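Following the hints, complete the assembly by docking chain W with the ligand onto the known chain D.
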Amino acid sequence: MAKLTIDDLKRIKESARRNLALRSEKGVIDILVHMGTCGIEAGARDVMKALLDETEKSGRTDIRVLAGPCGGMCGVEPTIVIKSDGAEPVIYQQMNPDKIQQVFASHVQKGEIVTAFVKAPETTGE
Amino acid sequence: MSKIRIQIMLCSGTGCHSTGSLVLRKALDEEIEKQGLAEEVVVIETGCNGFCAVGPVMLVQPEGIFYQKVKVDDVPELVTEHFLKGRPVEKLFYKDPADKKRIPIMNDIPFFTHQMFRVMRNKGIIDPEVIDEYIGRDGYFAVAKALKEMAPEDIIETVKDSGIRGRGGAGFPAGLKWLFASKSESDVKYVLCNADEGDPGAFMDRSILETDPHAVLEGMIIAARAINASQGYIYARTEYPLAISRLTIAINAARKYGLLGKNILDTGFDFDIEIYEGAGAFVCGEETALMRSIEGKRGMPRPRPPFPANKGLWEKPTILNNVETLASIPQIILNGADWYADVGTETSKGTKVFALTGDINNIGLVEVPMGTPLKTIIYDIGGGIPKKKKFKAVQLGGPSGGCVPAQYLDTPVDFEEIAKVGAIMGSGGAIVMDEDTCMVDMARFFMDFIQDESCGKCTPCREGTRRLLEILEKICEGRGEPEDIDTLEELSAMIKESSLCGLGQTAPNPVLSTLRYFRDEYMAHINEKKCPAKRCIPLLEFRVDENLCKKCGLCHKNCPADAIIWKKKTVAVIEKDKCIECMTCFDKCRFDAIF
Ligand SMILES: Cc1cc2nc3c(=O)[nH]c(=O)nc-3n(C[C@H](O)[C@H](O)[C@H](O)COP(=O)(O)O)c2cc1C
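Taken in order, these protein sequences are the chains called D and W. Residues 7 to 132 (the numbering used here) make up the first sequence, in order. Residues 34 to 628 (the numbering used here) make up the second sequence, in order.
Looking at chain D on its own, in the form it has when it is part of the complex:
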């Protein structure tokens, strides 16, 4: 490895920061995948993997993908919750990897909610 210059130092810092973000910075967007037995049964693991792929592809470090316990919505699993700073959390129901791609591209990247997949409020807490 050749001798570093200050620009190299800055480059290393930037790329290291991506790896450190999870440990040292607060997320701007939290995406929670409900991982109860019912969720996993309905395909929540694939949903999780798809989300992680999308996040990686986007290169963003301000997104945290979290596993969460069963949300009591067993009829419409897999469900995910997207919480952005300052906005109401949005619950998406019956997710699969295809729908995840759409939700990610639209809601996460552009801030546009994909209403077709949003869980209707009256059924919350079934």
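Please note that the accuracy of each hint is not assured.
Coverage of chain W stretches by chain D, computed from C-beta distances (three or more under 8 angstroms per stretch; other residues unrestricted) [stated by the list, open to error]:
(1) 88-96
(2) 116-125
(3) 165-171
(4) 296-305
Here are the simulated distance ranges between beta carbons [stated by the list, open to error]:
(5) 422/W to 78/D: 43 to 53 angstroms
(6) 128/W to 103/D: 36 to 46 angstroms
(7) 78/D to 421/W: 53 to 63 angstroms
(8) 95/D to 468/W: 51 to 61 angstroms
(9) 278/W to 108/D: 25 to 35 angstroms
(10) 95/D to 71/W: 44 to 54 angstroms
FYI, nobody ran anything at the bench for these hints, they're computed from the structure. In this text the structure is predicted, and so the values were computed from the model without any measurement. Note that CB positions come from ideal geometry on N, CA and C, so glycine has one too.
Structure of chain W with the ligand alone, referenced to chain D:
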């Protein structure tokens, strides 16, 4: 490739290694793999987390959930429940002894909330063996600034203005030391790091080296630039294998990047560092002895002047700073003197790291702002004294320091304030003692250590500490005479005044400070032949008091030698011929009925 969603920051300091973090790492890796999570969940080994008492510990990010005393058997549940299903495992949360509540988030645990992390800012965040992670946290940007944007005089001015004083014990202003060395004319100069850490019970420097070795290297490069040195040595004791291994990795990585060696960061400045392993003699922490030892000679101090700033290692101008002092430097350069001086008291700036140990619930490494009352360290952070015992005193500064009794616990962490109550700030060792500690015996323990470690070069220290030990032993064995107290005081004053180096000059401190606060204990040993704390075996009778005994039988049940006769509803009796004087019954009796 998918994104990692969970990073498990597993503490991998010496403390957690000894409670099992290495096997835990293996078990975690295997189970994560088994459950198909290897692409999403990773384990990262970090330096000392600080909360050694409850190790092995881990911090699960990004949620910030803290797990304590994790065992290999807990791993499958942890992986399934938390990492897969998102249900943190409550039984591994920290339990607050006060209200028995479980606390999931690390920063909500009282041990952490009262601390301020500056020297240990990277603790639990970076892998100390990966230089890029250090750089990711602004690492080596202080070197970049010091080499590119600052003249040596600016560096010295900043360090002086920050007010930082040496963390190795004496508290000498670091900026001033650098100024003297910078003014010494010589084409060869040296920067040394003191990682000898010889105080019994101290482990601050070891933990800093294990947690953030690059911070120390960075501090040394900046110091070298300030005085224009081109070679540095880290004097570390061989007993610190993990710290030395991490330092070696760090030095090699820094060399590879050209952050050590010739023409650092393309600025034309050359500096390199080597580790010198010391054999662990206490006196080799003293600056002139340390230098002799690096020269390959027997580690013995010499009179000063000449001071090392003029004639140090190989008679060349040299600065020696403590690990914690040097680890503080990069932040001072990056954030400025005012930022640093904003925390602390009038004469003591910044934070101080303490190794909290002894009779205290939360044994561990803590960093607090200067000015924090000792009470906060012992009760709020340290969680108080175990087994509902009473606090008796805290020994600061190890064998060179003194004890601070309960009535002075409001004393703030401040060089001058601590000296006023007869102790010293020292390098950060804080040994807490409960009511069962005999203070005469404590003084005897430290004097035994000191007379053993005295290098023998000067008579007052070599002979004087031996005589002090003999008198203390005599008192502990019940052969003390009233005039012994005067002899202790006279001899102590003489040793302090006439010893060659700091070892002898401070050696009598534990005796003098226990005499100051616990003279009645000395008198009880001498006049009544009694040890009030019931620790000095020759002064104990091994007899159960009929009136105090509650006939519970605990002593009988716990006696390993079957030497205690007891039946239900009868007073216990110790059989002298069988008794092995192990003290178990004293510790077990809840009614203080054994004498
Ligand atoms: C007997 C003796 C032992 C010492 N041991 C240490 C030590 O282990 N670590 C340390 O940093 N300083 C130790 N010192 C203090 C050093 O001599 C020196 O003052 C210090 O390393 C300077 O660094 P600082 O100004 O950054 O504190 C010891 C001093 C004496 C007299």
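Status of each hint after checking the structure:
Remark: the region 88-96 of chain W is confirmed as covered by chain D, as 3 of its residues place a Cβ nearer than 8 angstroms to a Cβ of that chain, reaching the required three. Counting residues of the region 116-125 of chain W whose C-beta sits closer than 8 angstroms to any C-beta of chain D gives 5, which meets the bar of three, so the coverage hint holds. Under a criterion of three residues with beta carbons nearer than 8 angstroms to beta carbons of chain D, the stated coverage of the region 165-171 of chain W is upheld, 6 such residues being counted. Counting residues of the region 296-305 of chain W whose beta carbon lies closer than 8 angstroms to any beta carbon of chain D gives 3, which meets the minimum of three for the stated coverage.
At about 48 angstroms, the beta-carbon gap between residue 422/W and residue 78/D stays in the expected band of 43 to 53 angstroms. For residue 128/W and residue 103/D, the hinted distance range of 36 to 46 angstroms is satisfied, since their beta carbons lie about 41 angstroms from each other. Taking the beta carbon of each, residue 78/D and residue 421/W are about 44 angstroms apart, not inside 53 to 63 angstroms as hinted. A hinted range of 51 to 61 angstroms for the beta carbons of residue 95/D and residue 468/W is consistent with their spacing of about 54 angstroms.
For residue 278/W paired with residue 108/D, a C-beta distance near 50 angstroms fails the hint of 25 to 35 angstroms. Checked against the hint of 44 to 54 angstroms, the C-beta distance between residue 95/D and residue 71/W comes to roughly 30 angstroms, which is inconsistent with it.
Figure legend: structure checked against the earlier numbered hints; hints not met, in rising order: 7, 9 and 10.
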